[in-house]
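*Asks:* Residue strings, one per chain:
6 protein chains.
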Amino acid sequence: MRPSHRQASQVREVRITRHFTRHAEGSVLIEIGDTHVLCTASVENSVPPFLRGKGQGWVTAEYGMLPRSTHTRSSREAAKGKQSGRTQEIQRLIGRALRAVTNLQVLGERQITLDCDVLQADGGTRCAAITGAWLALNDACTQLLSDGKITANPIADHVAAISVGIHQGLAVVDLDYAEDANCDTDMNVVMTGSGGFVEIQGTAEGDPFTRTQMNQLLDLAEIGIGQLIAQQKATLAS
Amino acid sequence: MRPSHRQASQVREVRITRHFTRHAEGSVLIEIGDTHVLCTASVENSVPPFLRGKGQGWVTAEYGMLPRSTHTRSSREAAKGKQSGRTQEIQRLIGRALRAVTNLQVLGERQITLDCDVLQADGGTRCAAITGAWLALNDACTQLLSDGKITANPIADHVAAISVGIHQGLAVVDLDYAEDANCDTDMNVVMTGSGGFVEIQGTAEGDPFTRTQMNQLLDLAEIGIGQLIAQQKATLAS
Amino acid sequence: MRPSHRQASQVREVRITRHFTRHAEGSVLIEIGDTHVLCTASVENSVPPFLRGKGQGWVTAEYGMLPRSTHTRSSREAAKGKQSGRTQEIQRLIGRALRAVTNLQVLGERQITLDCDVLQADGGTRCAAITGAWLALNDACTQLLSDGKITANPIADHVAAISVGIHQGLAVVDLDYAEDANCDTDMNVVMTGSGGFVEIQGTAEGDPFTRTQMNQLLDLAEIGIGQLIAQQKATLAS
Amino acid sequence: MRPSHRQASQVREVRITRHFTRHAEGSVLIEIGDTHVLCTASVENSVPPFLRGKGQGWVTAEYGMLPRSTHTRSSREAAKGKQSGRTQEIQRLIGRALRAVTNLQVLGERQITLDCDVLQADGGTRCAAITGAWLALNDACTQLLSDGKITANPIADHVAAISVGIHQGLAVVDLDYAEDANCDTDMNVVMTGSGGFVEIQGTAEGDPFTRTQMNQLLDLAEIGIGQLIAQQKATLAS
Amino acid sequence: MRPSHRQASQVREVRITRHFTRHAEGSVLIEIGDTHVLCTASVENSVPPFLRGKGQGWVTAEYGMLPRSTHTRSSREAAKGKQSGRTQEIQRLIGRALRAVTNLQVLGERQITLDCDVLQADGGTRCAAITGAWLALNDACTQLLSDGKITANPIADHVAAISVGIHQGLAVVDLDYAEDANCDTDMNVVMTGSGGFVEIQGTAEGDPFTRTQMNQLLDLAEIGIGQLIAQQKATLAS
Amino acid sequence: MRPSHRQASQVREVRITRHFTRHAEGSVLIEIGDTHVLCTASVENSVPPFLRGKGQGWVTAEYGMLPRSTHTRSSREAAKGKQSGRTQEIQRLIGRALRAVTNLQVLGERQITLDCDVLQADGGTRCAAITGAWLALNDACTQLLSDGKITANPIADHVAAISVGIHQGLAVVDLDYAEDANCDTDMNVVMTGSGGFVEIQGTAEGDPFTRTQMNQLLDLAEIGIGQLIAQQKATLAS
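Residue numbers (the numbering used here), protein chains in the order written: chain D, 3 to 240; chain U, 3 to 240; chain F, 3 to 240; chain H, 3 to 240; chain P, 3 to 240; chain L, 3 to 240.
Be a bit skeptical, because a hint or two may be false.
Straight-line alpha carbon distances no greater than 25 Å define the calculated BS3-like cross-link-like pairs of lysine-lysine that follow [what the hints assert, rightly or not]:
{"#": "1", "chain 1": "F", "residue 1": "Lys151", "chain 2": "D", "residue 2": "Lys82"}
{"#": "2", "chain 1": "F", "residue 1": "Lys151", "chain 2": "D", "residue 2": "Lys84"}
{"#": "3", "chain 1": "H", "residue 1": "Lys56", "chain 2": "H", "residue 2": "Lys151"}
{"#": "4", "chain 1": "L", "residue 1": "Lys84", "chain 2": "U", "residue 2": "Lys82"}
{"#": "5", "chain 1": "P", "residue 1": "Lys84", "chain 2": "L", "residue 2": "Lys84"}
{"#": "6", "chain 1": "D", "residue 1": "Lys84", "chain 2": "H", "residue 2": "Lys56"}
{"#": "7", "chain 1": "L", "residue 1": "Lys84", "chain 2": "P", "residue 2": "Lys82"}
{"#": "8", "chain 1": "D", "residue 1": "Lys82", "chain 2": "U", "residue 2": "Lys151"}
{"#": "9", "chain 1": "U", "residue 1": "Lys56", "chain 2": "U", "residue 2": "Lys151"}
{"#": "10", "chain 1": "D", "residue 1": "Lys82", "chain 2": "P", "residue 2": "Lys84"}
{"#": "11", "chain 1": "U", "residue 1": "Lys82", "chain 2": "H", "residue 2": "Lys84"}
{"#": "12", "chain 1": "L", "residue 1": "Lys235", "chain 2": "H", "residue 2": "Lys82"}
{"#": "13", "chain 1": "F", "residue 1": "Lys151", "chain 2": "F", "residue 2": "Lys56"}
{"#": "14", "chain 1": "P", "residue 1": "Lys56", "chain 2": "P", "residue 2": "Lys151"}
{"#": "15", "chain 1": "L", "residue 1": "Lys235", "chain 2": "L", "residue 2": "Lys84"}
{"#": "16", "chain 1": "D", "residue 1": "Lys84", "chain 2": "D", "residue 2": "Lys151"}
Keep in mind the hints are simulated off the structure, nothing from the lab.
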């Protein structure tokens with residue numbers, strides 16, 4: 003029995019609000035159960051130094067948690083003067099996931115930065131960030147296209163992410179904090195709309211996991227990500 | 003004529019949402035026009051080193067702007083590795099304002115940290131932060147009281163803040179970004195519910211200002227803060 | 003009775019030494035009672051990035067306290083690796099005050115940096131810094147003019163600053179450390195030679211203050227600043 | 003054809019030197035082809051604050067590359083004043099891998115730090131670090147046991163790591179730099195001696211990968227890690 | 003011919019002002035020609051962690067240059083966020099020199115920090131700092147003795163320092179900036195009142211130097227330091 | 003009697019391995035007794051900003067100790083976020099020593115960085131670093147010459163360094179850690195192949211030293227450096 007009484011393959015309720023704030027070229031609040039992440043896309047007409055003059059763009063991400071998005075207050079990274087290793091891992095992951103479905107030549111010499119800020123955390127914040135950031139990125143690209151700044155949409159496919167894990171011996175999808183804090187294996191999976199894998203990061207927190215368990219987890223991830231991408235599509239259609 | 007077509011003494015529409023996030027002891031989203039600030043109060047059962055063993059508590063504040071709360075993206079302070087001078091000035095101001103109405107002996111040996119994070123900015127973020135943080139602080143103290151951890155409410159009075167300024171020769175209240183970026187004099191005023199001044203910070207950005215203008219500005223501030231405190235009371239009553 | 007037995011409106015003795023050190027374009031030691039601040043002006047033939055090519059100059063300030071300028075030793079900011087929030091607030095204040103009386107177009111594309119270093123502290127260091135830095139800035143501009151590098155003096159007016167406060171119920175001017183550490187309200191006021199207000203920063207450390215007290219404090223500030231500006235003029239005349 | 007003319011399932015030549023330096027409780031130079039990593043284990047009789055008084059130990063890792071271990075010189079992290087996100091990701095990975103096979107209760111209240119410093123890099127440094135660090139950790143634990151400081155060996159199993167990837171359409175094991183810089187998918191796999199998975203981190207650098215490819219990669223990883231663990235055993239036996 | 007027309011063995015004029023500032027336990031302004039250094043001694047009743055409970059004290063030093071003590075403005079180390087290698091070298095040197103003549107057991111469990119801040123620089127600032135700091139340290143110790151906090155003076159001997167160098171082929175003492183910037187060999191020598199060497203740091207900036215030149219330089223250093231120590235004694239006697 | 007039973011003038015056994023790693027233009031492992039330092043030379047086709055366009059090159063050095071090169075683990079400077087004062091002193095010393103024998107005009111507008119990383123420490127690491135770095139630098143320059151990038155060898159002479167000291171009243175050469183930790187005077191001497199002094203840094207850790215002792219130490223340094231330079235020559239000849 004999962005603490006939330008969900009089925010093993012049941013994703014939490016997802017709510018997506020586009021245009022949540024007004025200045026950003028893309029601004030999406032994604033709520034997956036009690037995990038709430040604000041994802042904004044900012045377009046700049048320049049690229050990082052290593053790409054200058056190469057005729058291509060760049061997509062990057064930054065991630066942060068508000069100090070009291072968590073059960074107990076975490077110290078503010080700006081006040082500590084550095085981002086934790088965890089924060090850096092996550093923002094590198096988000097950036098790689100989005101670049102995997104972006105045609106950087108089509109984007110041209112501009113950079114889009116996805117800021118993913120966790121307003122409230124209940125497990126799965128990096129996966130919610132990827133799923134929401136894709137929408138913000140897509141909104142920003144659509145606007146570039148309608149403004150005539152680019153001639154084709156550089157977004158080649160959807161991308162979304164979900165966590166899966168072994169909790170009390172059972173393979174489950176979309177772990178909330180109560181499960182995440184007590185699971186044996188925790189895996190984050192990033193997939194495209196066409197079903198390819200972009201990233202798999204699995205860690206045995208307790209006992210090592212087997213090939214069989216690995217396959218169960220990937221089966222669940224495919225189901226969960228299918229639902230998230232369906233939700234992305236429904237949001238865009240509405 | 004003000005860019006927003008408001009009257010000189012007209013404060014923008016104020017919307018307050020308590021319990022906006024679930025983990026914090028107080029969590030208030032305050033929206034003053036297009037300025038949206040999330041204020042959370044976190045209670046810790048310890049005090050900073052300089053207060054240990056003195057039988058009193060502490061109230062402090064931290065302030066941040068999400069990178070894309072502004073018209074163009076500002077760089078993330080956590081990534082830059084330090085808080086700007088402006089950020090530090092503002093969080094020190096918020097802390098002083100709240101301590102001015104808190105009985106720290108009654109609070110006992112605990113610290114309450116107010117995190118004020120700007121989700122969307124359109125001028126007056128520090129004033130909105132003070133006004134919203136007071137509500138979050140009050141909610142946290144009320145909960146401490148109802149939990150029997152303290153025997154009286156340490157909050158002695160309301161506190162709220164508003165900006166006033168000279169814009170195109172006219173004294174106006176509650177400047178939005180369009181006014182703030184073009185005003186001659188910019189003043190932030192913090193007052194208590196009983197009408198005392200806690201803080202006055204006025205700066206001539208262009209021409210110096212006169213005693214007469216100073217008095218006009220304080221008159222407007224008294225009006226505006228009166229409205230904000232009425233709104234705080236209405237929110238608590240609902 | 004003030005601890006120093008001064009009258010409520012009595013400013014401490016002021017001593018000003020121009021050309022205190024030899025390398026700087028302006029170098030002024032200002033002593034206000036036991037508060038001693040060395041203010042140097044350094045001219046550079048370039049401006050910060052945000053002003054390049056705009057045909058105007060910039061005036062900025064940095065502030066520091068020698069570790070043992072105070073009663074007990076404070077740690078050295080260079081060794082700690084960062085400037086405190088207080089230091090940053092003060093140096094931003096000094097810069098704003100001086101720019102308020104400088105015609106940056108007349109100055110041309112050069113920057114003048116005012117370094118204000120406290121050799122000995124007894125309250126009111128930021129006000130002494132502004133008052134002394136104006137003289138150093140003026141000396142540097144006068145030299146630019148006599149060197150034919152600029153065609154008019156960019157300094158449009160005098161500027162000086164003084165602290166006022168409510169100490170044991172009494173409004174007093176030019177607080178020394180003994181008063182500053184025990185006052186209810188502390189206010190720093192910056193004014194021009196022609197009597198305009200450039201900056202007012204008042205804080206209730208204890209009880210909130212009233213409009214009446216505010217007016218008493220501003221009356222005292224006008225008297226005190228009048229004396230400081232007279233002293234600036236006498237120094238230039240000698 | 004692989005650039006090195008190796009078979010798809012062929013691991014580079016492995017050379018292991020124990021007791022490479024004399025001060026550390028464990029000191030192992032591991033050379034996998036042209037990738038050379040020095041792994042030292044240091045025992046301290048204290049644990050990090052979050053574990054004090056809990057009767058268990060801790061195993062952690064730090065990772066660094068000498069500036070000229072690489073084809074072109076990389077800047078020294080100590081001189082830049084911070085560790086890169088990549089460095090932090092890798093040292094967190096090494097620590098998790100080693101803790102997965104260490105009984106921290108048996109270790110008692112002491113910490114073992116594995117320093118993994120890359121003397122020469124040719125791809126796969128993090129995997130070599132894990133494989134070599136296990137030997138250094140084991141040597142340190144064996145010495146604690148023979149010194150009578152612990153009563154059982156806290157090392158429950160072997161652990162080793164290998165990279166696998168899709169290079170020019172072909173699944174290959176143990177990528178060198180030439181392959182790593184041009185592969186479509188790059189995956190690091192950490193396994194125990196008994197064949198369980200501890201960590202899987204796979205990233206599509208180019209096209210997304212399929213379940214079929216995923217399975218091919220895991221098959222190769224099992225072969226490669228089997229060889230590395232055999233080598234660890236041979237080293238200990240000699 | 004030296005730029006200053008001094009004889010090869012002629013030290014610049016030395017002026018020493020004790021009690022230059024009022025809060026420090028020792029406060030000495032030392033002026034050697036146009037090099038002016040303020041040296042303060044601060045006594046704290048605690049020692050650094052590595053000395054706690056060992057029944058001995060510590061003497062340490064910090065060094066800084068005011069930004070415009072130099073011909074062109076140097077950036078403020080507090081604003082840059084770190085002390086330069088040169089600053090750290092110098093403050094370590096000052097600390098070693100003073101500890102060489104201090105009986106730390108007699109001092110007891112307290113620390114004396116010597117802050118050496120250069121108000122105006124014209125070469126030889128580190129030597130002036132050592133020579134002046136000894137006086138500040140001695141004043142602080144004398145006061146501890148007269149206050150009955152220690153039972154004997156922990157200062158065992160005088161210590162002073164001078165620069166010597168090869169300038170245009172000629173061995174000279176007490177180099178000013180014009181010489182220092184153009185010399186072949188630059189050597190700083192620290193000696194005690196009884197004529198022992200505490201520190202010799204010689205560097206060939208141009209051609210290497212010979213044993214013969216080395217001996218000429220040490221002869222000059224002995225003469226120069228003899229004069230400085232005589233001056234220290236005269237200052238104490240007056 | 004020396005702890006190592008060496009004669010007073012006996013240098014420890016020296017082993018030099020050129021081409022220790024494969025990517026660097028020069029790569030030398032120097033082992034002096036139990037002190038092992040890896041010195042690599044990296045050539046870059048640019049110079050630091052202060053030398054741009056001046057038609058000359060630059061030689062600089064960086065120094066580091068692996069955390070467990072020492073008896074007890076020292077913390078990693080990259081993790082602490084700054085290099086210690088000692089590290090900075092040493093790398094500045096190495097750079098000065100190498101530049102003293104390099105014709106920077108002949109080198110042309112390129113920079114050679116010598117990375118000196120201590121794999122195992124037993125006293126005298128900075129001297130070993132200088133002696134080994136000269137070989138790495140020379141190898142890099144020889145390669146530039148054979149590649150036709152420069153037309154003459156910019157290395158004008160050998161340079162090497164050795165420590166000398168007073169240990170239990172006896173002047174000795176090449177102190178190991180056991181001697182270094184207990185000596186009265188510690189002196190590092192850098193000399194050229196033609197017998198000139200480049201740097202002398204002597205410190206009295208205990209009693210001050212005399213001119214007579216100074217001369218004994220320099221006699222020993224000349225002997226020791228003579229042996230090291232002979233070894234450099236033998237290595238190049240083999």
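*Asks:* Which hints, by number, does the structure contradict?
*Replies:* When the structure is compared with the hints, numbers 1, 2, 6, 8, 12, 15 and 16 turn out to be violated.
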